[in-house]
Amino acid sequence: MLRFLFRRLVMAAAVAVAVSLITFTLTNFASDPAIAMAGDTASAAEIQQIREREGFDRPLVVQYADWLSSAVVGDFGYSYRMRVPVSDLILSRIPVTMMLGGAALTFAIVLAIPMGVLAALRPNSWIDRTALGVAVLGQAMPTFWFALMMMVVFSVFLGWLPASGARSWQHFIMPAIALGYYATPAFMRLTRAGMLEVMRSDYIRTARAKGLRPHVVLFHHGLRNAIIPIVSLAAVQFGFMLGGSVVIETLFSMPGLGFLAWESISRADLPVIQAIVLVIAVFYVLLNLMADLANAYLDPRIRIG
Amino acid sequence: MLDVSNLTVDLPTPAGTLHAVRGIDFTVKQGETFCIVGESGSGKSLTSLALMGLLPKGAARRADRLAFKEQDLLSLREHRMADLRGNRMAMIFQEPMTSLNPVHTVGGQLEEALLRHQPVSRKEARERAVHLLDRVGVPAPASRLRQFPHELSGGLRQRVMIAMALMCGPDLLIADEPTTALDVSIQAQILRLLRDLQDEFHMGLILVTHDLSVVARVADRVAVMYAGNFVETGPVHEIFRRPRHPYTQGLMNCIPAPGKTPPGGRLGAIAGIVPSLVGTITGCAFRNRCPFAFDDCAHGRIDLAHIGEKHHSRCLLPERQAAANAGRPELWQAEEAHVEALHQPWEKRDARPGEPVLTLDAVSQTFKVRRAMFQAKIPLHAVNEVNLDIREGEVLGLVGESGCGKSTLAKILLGLIEPTSGQVLFDGEPMHSHGRKFIARHIQPVFQDPYSALNPRKTVGFIIGQPLMVHGLAGRAEVERRVKELIDLVGLPQRVFNSLPNQLSGGQRQRVAIARALIMRPKVIICDEPTSALDVSVQSQILNLLLDLQREFSLTYLLISHNLAVVQHMAHRVAVMYLGRLVEVTNRANLFQDPRHPYTQALLDSALTPDPDAGVPDPKLGSLPPNPLDPPPGCAFHPRCPKAMEHCRTQMPRTIDDKAGRVECHLHDQTAPISIANKRARISAA
Amino acid sequence: MSATPQDDKNLPDFGAALSEPSAGQMLRRRVFGHTGLVIGGTILLIIALMALLAPLIAPHDPYAHNLANRLVPPIWHDWFYDDPRATWTHIFGTDHQGRDYLSRIIYGARISLLIGFSAAIISGVIGCTLGLVAGYYGGRVDMVVNFIITTRLAMPVILVALAVVALMGSSLTIVVLVLGFLLWDQFAVVMRTLAMQMREFDFVTSAQALGCSPRYIIMREILPNVLNALLVVMTIEMANAILLEAALSFLGLGVQPPLPSWGLMLSQAKDEIFFDPWMITIPGLALLMLVLAINLIGDGLRDVTSPEGRS
Amino acid sequence: MGSLRRNVLLAATALVFSAGAAFADEDRPLRVAWDFEIDNLDQYYNTNREGIIFARHVWDALIYRNPDTFEYEPLLATDWEWADDTTIEMTLREGVTFHNGDSFSADDVVYTLNTVSDPDSGVLASRNVDWIESAEKLDDYRVRINLHEPFPAAFEYLSEAIPIYPGDYYREVGPEGMNENPVGTGPYQVESIDPQREYVLVRNEDYYEDSPKGIPAIRELHIRTITDKSTQMAELLSDGLDWVWRLPADQAERLERRPGFEVKFGEAMRIGYMGLDAAGRSGHEALQDVRVRKAIAHAIDRESIVENMVRGDARVIHAPCSPFQFGCDEDAAVKYDYDPDRARELLEEAGYGDGFEMTLYAFRDRRWTESILGYLADVGIDANMQFMQYFALRDLNHEGTTSAFHMDWGSYSIADASAVVSHFFKGSPDDFAQDEELQQWLEIADNSIDEEERLENYRNAIQRITEEVYWLPLHTFVISYAFTEDLDMQAYPDEIARYYTYSWKE
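Chains as they are written, first to last, in the working numbering: chain A, 1 to 305; chain B, 1 to 686; chain C, 1 to 311; chain D, 1 to 506.
If we strip away everything but chain A, and leave its shape as in the complex, we get:
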């Protein structure tokens, strides 16, 4: 167990380093941080001065090593534009994004699993077709378009929900639905396919042969098995949602990581961009690790050889 954890943590660290290396290289190739830092009115001499002062004239490898060694201890440097420590910025923005991601995931799962189960129990029935329709539509709608439409209907026309911000739970409803709906089809498909497969399996036949009641067969024997891959998917999707929150947070003006990322991107604030990508990557890897542990808990085949 410890060995497993150690191996996975090393892997997580390696992924984080790889992601940060790619981001660092890409952003530094695409933009000159000295110019970005100097502001509107700087002269060429001032830019050169900044370049030397901040060490941007050093080879990229050295700069990266420098950045990485500080990043390891949680020091991501200062934001070029806000002049505050990047770590403070990110810490202050994480809660909103986490809440948004959590709400979106909850929405997706609460919608998808029952529909997926029903669809699997009655393949080709109207329930199955409805579920399929909901899924296909969810995948086909541009998230921002859906979000805008909701905003028009629920904020402007009906006045039920606030259009933007993140001050109360009501503020999270529309963003969570917009973000979660896109993930719903994936969950629904997996649930449906998983349930179809499980319900066809030999052990379900065994359970029925024991004369167990249908709901016991369905939940205790069926769903219990079908749920295992869903845990992994949830981790993956949650990771995606953190990354995908850019559009939604920008549209709904929610002060989360995505919004910060967007503002930093639009101002070429490289340290913040790098740190956000890294943080999301680390989250993703850790979520996957947690999903694996959860799987091991749920699936004794993995736990005990």
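Quick caveat, the hints were computed from the structure, so don't treat them as lab data. Built from N, CA and C at the ideal position, the CB exists for glycine as well. Any given hint could turn out to be false.
Unchecked claim - If the Cβ cut is set under 10 Å, some of the chain C residues that face chain B in the computed set are:
#, residue
1, 28
2, 29
3, 30
4, 31
5, 78
6, 201
Said to hold, decoys possible - Simulated coverage check for chain B against chain A, where a stretch passes if three residues somewhere in it have a Cβ under 8 Å from a Cβ of chain A:
#, region
7, 82 to 91
8, 112 to 119
Since the structure of chain A is provided, determine the placement of chains B, C and D on it from the hints.
Only chains B, C and D this time, still in chain A's reference frame:
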């Protein structure tokens, strides 16, 4: 107790309604064993599921009467039926590996069967579970309750399944191919257990199987099923002594039976394939495969006719002729020996009998495997210090239980993996240094599963000719000519040239695989369980073909099989493998008449022959199979060996090589066993 | 369809297999019997034709601007609101540059299809190569590829795409390249799993035993067997690429005006959402139909080619 | 609909609270939305406009420039004069206290000016302060400012661009502390900056009565950042906001027709222009030919763009500066009328009769740029748009890789031509003309204290720039303000929202 009349099962398929079961009648009495035997697709499994009300969605069950203990099952609502299931009537399935829910403990799954049906406490249920586990021969029953299914071996799981079926003490037990997925040694134990339990619980037992040997050993009454219908029913002795229906007769002629069929002789075989079960069948369903069919067979409805005491057959043949047909394999030659069909004779190798073509010199193969996600990798000695000669022109049988390393050995010989230590010599030269292409020219495989062996996206012509093309041995036209030649040779119609594998039957596919293996004219063919995925009627065709080819071209075969009857029929010499080691190597006669290693003896004991008088043997192997990841010290077989001695537990046996063959066993070691004290002294001296 | 796995496997063996309808016929029957596939195929066909024949069917030059004639409402405003500006000259009205909206929608099909298709091709090549190689070789190669895949998955797509496009500037080529280089994960994951399964098939083993090169085995033995799945993933990624381009455009970083991509039209119309909702509705519906069609086709292919699917 | 709901709501509120309506109105917070977050609340480390507006509410500068009359008026300084060409002496206001209770004196001015004019301070808007050599205290309420060299625009910068910080507090907390908790003397003080980036400002109840900014009528200001215009509009329509600005002109016009809302347009100092790389920094050949640049000038129908796209009261301009700015003499500019035929002729002459390709970089309003592209295409110039975020584009400009760019400039609301013409044509990284004579004129114009001499030289510069078409000046900007009809607000040309002058209607 169970009374079934005119039972039919229909399945909807894209091609139309499939009439899988076509109006069968039978009864089962308390304490009686009723066997339904038939090949795959005959409808036997659906019959058993129909009785339990477990048919898949969309399947329609109809019957004139379906009564269990005077209760009409047809009109029973699903929840009332569920009350019966697992309670009064229980079922065990073929695949013990997948029939238990992997995420729940054995105990939980056992207990819920009882808790569902009877007002008992959890504690009582647990006690009953422990009791039954003990009864079905699961060692340390109490501690098993907390284990999960995958922690148990296949044999143990099947025992758990049986215990689960017995939790409520049912009146009727339906066993659907309960031993098919198990090793021979385990198969005998499980069958014996079923017999014993049936007596003890005084249950009715319906046993569904494809294996005539199993039927012969356990059945009271037998029904032979073909194309959804019973073609012959009767008491077991009647059926085996006086089989009346041509199909039954054909089946019996297909099995290699020691004493009946001469070793290496041609087996009987049933030509053709089962008719489509979509739509109606007029006349006799078997007529297109029956060598005795005449015009009347094609018309009308043929009923089961009474032909003896409780013996019925669905055949129009006159009684006398039918009786005369039994037991004559020559009547059942599905095809001529096809070798003559070659336009251009294959140059015969000048046989150098006895010269080793392949020599394994202390070959070992170790893998690193991880038992579970959280555990470290540990070494698995799949093949351990194997020394073996394979001689030109011989058929060498390799037998052993699953997981003993047979397939790894095959992979080494095919050059797919290089042994961890030791070497393989081909014609006296180290083989693996030559590279795959060299090996491929001389050694070719025939695999077990004809469905996985052929690329589903390539035509048969391409598949057979591919080796020539890959090796650049012939031009396009030449390849096509040779392919067509081989299609003839293996007894396939020329039109398959452009077919895709999924348009072929299993037997046809296996012929394609053989043709492909032969096209480069190799010296050695490695046959890895070449017939175990096939029905008996097809198996015999393939065995015949393999033998014909071997004789014609002086091929050398390594025949890997768990089926001792097949090995006995085919092989000149036999090697027995146990946990990666060859424990005995000798010629056929010695091995089958005078097995020297206790493991060989046990294997022979558990092999079943279709002899209704023999009963179920007890190989006394114990219920715990070996774990290759954790081999016991000393002689690896000692925990299961009925003759184990004290020093077997600590000391590896030597290899004894004498005129009678080679064996690794302390029993046959003439030199006195080295005492432990002695050994210690030697170690310290070193 | 059948009772047990064992029977399942043997079902094709029933009856004279050679005289059954051929695999092609069966497939055709299943394809045309699949409602979703037929609907999706029809929509996609219409859109593809629109893209192909754009110069013939577009009533106006999609780039001809006329500032004096901007924001003309679509023809139905004549019917419902008696808006005299709405005429048959511009059926869908005009945009903020006074360009014919219908013509731009028609030409937009080209751009959106081009983006989806090229991005899917690029990512398909990358993902398939990685996935097949990893799945086939296993062991260390698999570990390395798995690491690459995990790294890619750990990188937030939209964020990285945005950062690259924002800092480097965007054009059709850059957008396609960025999407292509980011969206290969599905291909790699699916192909890896399939290659791992395929590797266990005996026909692969026998090809290995023949001494075929890994390249030959991957390309000639494995690839033809995973084309179905490849096609399905391709549709998913095409839909993804189109939606992602729309998202980039929404933030002002997709393809550049005056190119008429639907995503771009959508983003330019969003400011008009309260007063000229038709402007966002038309490209929105077009995009929705396209992605819907692609998804329906993907789902359909999955169903038709897998034995477990709906029949 | 939103407005209906709002009316019902207001009616209900009015009924219930009719007795205390006036009081309730004063307490009603003004909720506004800005497009961008403020980079840094310390004004010296910030260059974006939102920060400038924020600063005008929280801090006072030494001098006030009246946005209507353009006259200087006393703010923290009551009197100021040139002691000589490089020395300014100022008298400070007495009895002013900072929001934290510190009282204002010469020490604060001296500390602020000396700190931010130190080149090592790394202040971002260095142009605002780099002309100051040092400040010294004469007595508690008198200071002297020493300049490096004569700098005629000094008072322009001293008015509002240089907020005065509480010296002791700033010394203690530094720029970081000022960013976290800004303290000034302005009409509003910061109540909270919550992590959700909502700034809540409350009226400074101790604000000095005779400040030209006046005592604010509205007690509370809630400022949120909403980057998306449609979201802003949704908030406005659903009663989530009271005031937004910079809506696209046609949307603003249509919003005005809705009951409950009012829209104002204010011409701003910001001007739009198209920059052309005449110096060849980007290596684009065609654009180095003045005939090509002239052809471009003739090809674009600026009148039509202004009339149909920009709208409001925007004007076409010909000089590269805002009509509001000192020194911006429109008559000195060479005027190019819309004449596509002439444009084609010029291209033919220059050898580009078949047109050429170029990339037009842009960041503000894609539609405006699209119109330009359309006109360029009409005369055969195949221009691709490269639409970027402002900061990324600015960086590209500074690197010199942009051949043509459609941008705009607000001059930091400094009503002096130096803030635009000199910024772009005096050899800075933004200078794509690299014209030395032009640079000399600007040098003189910037540093002379003789107004006539300054005007003369700016005229020369404007003529050169337009003659050579280094820039094609396009139009002035009109800023739209959309707000609930019960708000009383004024718009100013310097693009600065002055919430302290707003009030709720009775």
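Evaluation of the provided hints:
no., hint, verdict
1, 28, "12 Å, violated"
2, 29, "8 Å, holds"
3, 30, "7 Å, holds"
4, 31, "12 Å, violated"
5, 78, "51 Å, violated"
6, 201, "4 Å, holds"
7, 82 to 91, "holds (count 8)"
8, 112 to 119, "holds (count 4)"
Violation of the numbered hints given earlier is confined to hints 1, 4 and 5; the remaining hints are satisfied by the structure.
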